[in-house]
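Working from the sequences, and respecting the hints, build out all of it.
FYI, this note's numbering numbers position 226 of the sequence shown as 226, with every residue one higher than the one before it.
Since the hints were made in silico from the structure, they are not lab data.
None of these values were measured; they are calculated from a predicted model.
A few of these clues could be false.
[As the list claims (entries may be wrong)] Here are the computed distance ranges between Cβ atoms for each label pair:
1. G262 with H174: 43 to 49 Å
2. R121 with P425: 28 to 34 Å
3. P430 with A279: 28 to 34 Å
4. P263 with P430: 30 to 36 Å
C-beta atoms are modelled at their ideal positions from N, C-alpha and C, and glycine is treated no differently.
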Amino acid sequence: MSGGDGVTVVAMPPCYEPARPRWRQPLTDPVVVNAAVVVALGAWSGVWVVGALLGSVLVLLVRAIDPSTARWMLVALVLLGSAAGIRGAHEIDRLQPRTLGPHEGWVQVVGDPRPARNAVRLVVRVAGQRYEVWVRDRSDRSRALELQGGQWVHVRGELRPLTSSRAERVAWQHVVGSMRLHEFGPVAHGSRVATASNAVRRAVERASAEFDEPHDALFRGLVIGDRRGQPDPMVDRFRATGLSHLTVVSGLNVALLLVLVGPFVRRLRPWVRWVVTVAVIVWFAGLTRFEPSIMRASAMAALSATAFVLGRDRAPFRLLCLAVAALVLVDPLLVHSAGFWLSVGATAGVCTVGPWLAARLGALGPLAAPVGVTLGAQMGVVVPLVATFGSLPLVSVPANLLAVPVASVVKLYGLPAAVLAGWVPSLGAPLMLPCRLGVWWVDQVAVAAERLEPAGAVTWIGWGLLAGGLAVFVARYGVVDDGAPPHR
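Below you can see the structure in the form of structure tokens.
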């Protein structure tokens, strides 16, 4: 199932079922949930004492919820909080640039170029640290847009420190400084892995030539999360209608990828199947440049595959908490990424509120599940969305109901079709025709929704009316007695 922020509760195909019955869970659910909380807050604080104190407070909470919790689990919470605080402080300290001043030589491109108004932004690796480069010269901008992650480029420029406000904004990307570019030189290929991933992305780019502008850029965003070339009006309308999640890769893409891979691994032995599955997940995360949303989705998918092969509980919310704890311990700076928390919040809403609402909206028939999941996702992103953009689009609910099913088909069919079309150009037109229709529909939904979105306080009044109407509907037609939806 997918929600309003493009997140998907990863449901493995039947071919991923475990070969043995479920074992007893070594970690209780309260411990898992509180582990995610203490790790996130500890990393945010960057102080080990704060992490330890938070862990101690949560120990009391877990003990109150489940008095039978083993003592070692309680001790582990305190240690996790301390470790997260230490890791957070360590990563913040590493954001100090070691190299400043004139620089000439080869630098490695990290991720893909991002077009901005009258400039192209690059992130490059210099002596093991990341610097952002703003390419403003008109002749160099077109060359910069052709660069891809993992490639090397010879540059001459000056490395400078960031302002404090800018440093805070790009901390989650591990950027430590900026480079003022003086000369943009030759380009060299990266590693074999990077070259292979870039070959797939190039094939998708060639296939997108079958689309008119700007639908070519929208197609690339839907399939591989490449937002280069999307004009500002398109970016603004997708953001204003709650559909911007469709132009980044997330759990929906990962789940659809596993659906495609499933038939090919069905007959493999369980552990071989697990290795292949995790390898595919890691490959796709690299293909889509390890964006925060794809890291969250990939971690959940890998944990889900592991749970299947071990016969452990694979409840989505449990997997989400484990994924958050693991990712933040590995990269504490993720806690400063708005995209990461939007993805986590939407997933939490889909996992918890979505099913609860769907069970009480049975009177809507086949619309109960998509409406419940969409509303759940919207509730999950209220705090990060309002904090980041200052609004919560009222039209996001109908817009997602209309756009997500079609976008899902484009994502599922589009990647293999685009790769084939890119490698066999003569097949491009027929293969891309379904995607052209789907992309056109998604864009038209965004256009119509933008026109219908109310402004200012009317949006919040609308949400209040929607919440009130939903409460009345649930009270009138919701679950009864044993929790089964009523049949009226």
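Problem - Numbers of unmet hints, in rising order - result: Violated hints (numbers, rising): 1, 4; every other hint is consistent with the structure.
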